[in-house]
Amino acid sequence: MSNRTGSRSRWLTGYAFAVFAFLYLPILVLIVYSFNGEGVGGFPPHHLTLDWYQTLFGDGAIWDSVLNSLEVALAAMLIALAFGVPAALALDRAQFPGKALFRRLVLLPLILPGIITGLSLLMLFDLMRVKLSLLTITLGHGTALISVATTEIFAGLQKLDRAQEEASLDLGANYWQTFWRVTVPNLKLPIIGAALLIFTLSMDEIAVSFFLIGRDNTLPLEIWGRLRRGITPEINAISTIIFFFSLVAIVVWYRLRTKAEGNVAVGEELVETAG
Amino acid sequence: MFSRAYKTLVTIPPLAWVALFLLTPYALMFCYSFWSVSSLQIIVHSWNLENYRQLLQRPVYWETLLRSMWIAARVMMFSLLLGYPLAYFLSFYGGKRKDLLYQMVIIPLWVSYLVRAYAWKTILGSDGVLNGLLQYTHLTRHPLEFFLYSPFAVVLTLTHIYTPFAFLPIYAALEHIPRNLIEASHDLGATPAQTFGKVIFPLSIPGVLAGATFAFVLSLGDFLAPLLLGGPSGIMISNIVVSLFGAAYNWPLGAAISLCMLLVVVSLLFFSERLEKKWSFS
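Protein chains in written order, with my numbering: chain V, 119 to 393; chain Z, 3 to 284.
Among the hints, a few may not be true.
To be verified - The list that follows gives simulated cross-link-like pairs (lysine-lysine, DSBU-like), each with its CA atoms no further than 30 Å apart:
#, chain 1, residue 1, chain 2, residue 2
1, V, K277, Z, K9
2, V, K217, Z, K279
3, Z, K200, Z, K100
4, V, K277, V, K377
5, Z, K280, V, K277
6, V, K377, Z, K98
7, Z, K100, V, K377
8, V, K377, V, K306
Said to hold, decoys possible - The following label-pair restraints were derived from C-beta to C-beta distances:
#, chain 1, residue 1, chain 2, residue 2, range
9, Z, V268, V, D279, 35 to 41 Å
10, V, K277, Z, Q59, 54 to 60 Å
11, V, K277, Z, L51, 49 to 55 Å
Said to hold, decoys possible - Calculated from the model, a selection of chain Z residues having no Cβ within reach of chain V, i.e. all distances over 10 Å:
#, residue
12, L57
13, R76
14, P204
15, A249
Think of the hints as simulated: they come from the structure by calculation, not from any bench.
Yeah, the Cβ is synthetic: ideal placement off N, Cα and C, and Gly gets one too.
Next up, chain Z with everything else stripped away, as it sits in the complex:
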């Protein structure tokens, strides 16, 4: 129905734009990771594996990567623990207020990232709201310092930010479960727990996988929450990248680390897609 010209006209401009502003930059990042910086702080376009050797040899890099993955894993777990029951509640017990409740979940999702991270800082700080409350109720006499500037603060804040992200795909998956399947399960004598374990949960797995992937990937690459709330022990891999692109001025090494991060992310997407296909209900 649509002519060749029409198809070309709608295809070429976005294709060109994406090639210039997405594909080329990613390719450039790949190239940079094999270059180096001279002693005069000039980027030398000579190809070698020096950056990758440093990554393997200097434990600070891969230890931080592992620590970041551990933080991201905790964020993912907590987001699922909060997001799944919430989605389940909305989908099966939401009733007439379903629409309103749904909006209430997505509102925090689009409310400024920075604003929310900052709010946690005002809550957790040594002269913050939580310490004020503890002293006001005479539970503690002196402000407790350990809430803020710790991995705990980072995990808490990122969980707050990514719980709605985990919620959305799970909710979508639950909403898609044909309700007569659940009735059939009840009619055939399954207890509610069995219905959940054998019907509802397996059918919601694609949503869980998507939600988990989002929470993990987005928190893995975060560098603002650790800067704002993490302190020295809450530094994540992206913070190292930021410093390499800034004061430390070693773009090639920074590019190599980013590429490793990209590799983790893309392989995760790949696996979650494979798993999703396996569990998809069709």
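One chain only, chain V, in its complex shape:
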């Protein structure tokens, strides 16, 4: 009996590691080939070199797009938080007609393919005669990512001790003071976590940006343009750099997350959102 259980768990362990290998293989290939003298492709990689990084650092267009992306991500983060925090408070505390619809609508961009969000916004901007630019991309990202801010902060609110806010109000603080001195400090971790997540997601976003792009490219669109022309090794170099940045961001986010509320929450929200 225990022998059979043992072999079962060995099989499962093997399978799990095969899945991990599948998940990490492309990332590994990308990193290794960013140092490959022969460029992308061929086997085995040889003539290790930093040439592609050098090409990359001399490439003005890429760095312009990186700056654009940073601007967009920062502004989108502010928009998403500015509306996501009150949205979470409203869902947690207020009753109003259409609340269920509002909740669904806010969360929809999280589950909807980006093309639908992107195109419907394109129609809106076209109707309003707004010229496409980094601003339209920012509005698109900000709107789509309110969903992330709302779920993260709503989860935080569920664990919040109401007594503190009550005490603050009883002791004569007004709502504004209570919000900034009690509610926000208590939500510090979810807010920072959400901000980090929104920033990372916006930096990487392409499906919505694809339709809202004006003259200036964001980094993913700049990379996309080059990929369409063919494979260029400096893309491996920038991808490797992006990978390490996202790695740091995700690990920090995850730490904050576990500190704030224990483990499984990410998946739970996804279940709730799909439902």
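Given the coordinates of chain V, assemble chain Z onto it according to the supplied hints.
Frame of chain V, contents of chain Z only:
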């Protein structure tokens, strides 16, 4: 405890923003799908069902929609086949490394979509890594062309991208199963296979449904992986929409197709929610 003013203040701004930037655009998409384009390439605001008639009459549209759904279905199946055992392993055999392993699953999830799709292109291409490896090991003499620019490449890449998405809700569901239920099942003489089939799996169904929905819906609407890796036979419905909004300049028809896609997505969400409620453990 919270005053009316407080509630109004936190409700109105997000409500207004969402109405302007989510509700209005969706409504606009609905309106567009009944409009048409004149011969001078001007969008005419006259209401008719012409776009929907074209959708039904021209097989290219619904055939591509069906093909996209088939690609999405395969991605969903493979993501579950990879994601479920992984979640099961982490939840029941993760031990002390559970936390680390969990992070290892979510890291690829947030690593750039584009970067990962591109990595598969460098692996599968005719002068790519896989062909290099095959020739280096003398398994083939000439590069094999059929890896890239095929539905296979699209399914493989999308499976890679959405497996962590399928994993997350399944893992959450498994973690929520009270461990004493499993002990009880063992104590009452069930074999491990019976425990899995009668206790663990049924309780994980809400997670499976959520994971499946994510994988299906997100890959159904994908247009970048097919453009990058799909070739002519890997074209998906969103690619048609993109061309209608671009060079082909027929926004109304594109809107009609998007709306059909939206309909598929929303009805799927609805059904998976119903099923989830039915299977929920409470």
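Hints, one by one, checked against the model:
{"no.": "1", "hint": "K277(V) - K9(Z)", "verdict": "holds (20 Å)"}
{"no.": "2", "hint": "K217(V) - K279(Z)", "verdict": "holds (20 Å)"}
{"no.": "3", "hint": "K200(Z) - K100(Z)", "verdict": "holds (25 Å)"}
{"no.": "4", "hint": "K277(V) - K377(V)", "verdict": "holds (13 Å)"}
{"no.": "5", "hint": "K280(Z) - K277(V)", "verdict": "holds (27 Å)"}
{"no.": "6", "hint": "K377(V) - K98(Z)", "verdict": "holds (17 Å)"}
{"no.": "7", "hint": "K100(Z) - K377(V)", "verdict": "holds (16 Å)"}
{"no.": "8", "hint": "K377(V) - K306(V)", "verdict": "holds (11 Å)"}
{"no.": "9", "hint": "V268(Z) - D279(V): 35 to 41 Å", "verdict": "holds (37 Å)"}
{"no.": "10", "hint": "K277(V) - Q59(Z): 54 to 60 Å", "verdict": "holds (55 Å)"}
{"no.": "11", "hint": "K277(V) - L51(Z): 49 to 55 Å", "verdict": "holds (51 Å)"}
{"no.": "12", "hint": "L57", "verdict": "holds (16 Å)"}
{"no.": "13", "hint": "R76", "verdict": "holds (16 Å)"}
{"no.": "14", "hint": "P204", "verdict": "holds (16 Å)"}
{"no.": "15", "hint": "A249", "verdict": "holds (14 Å)"}
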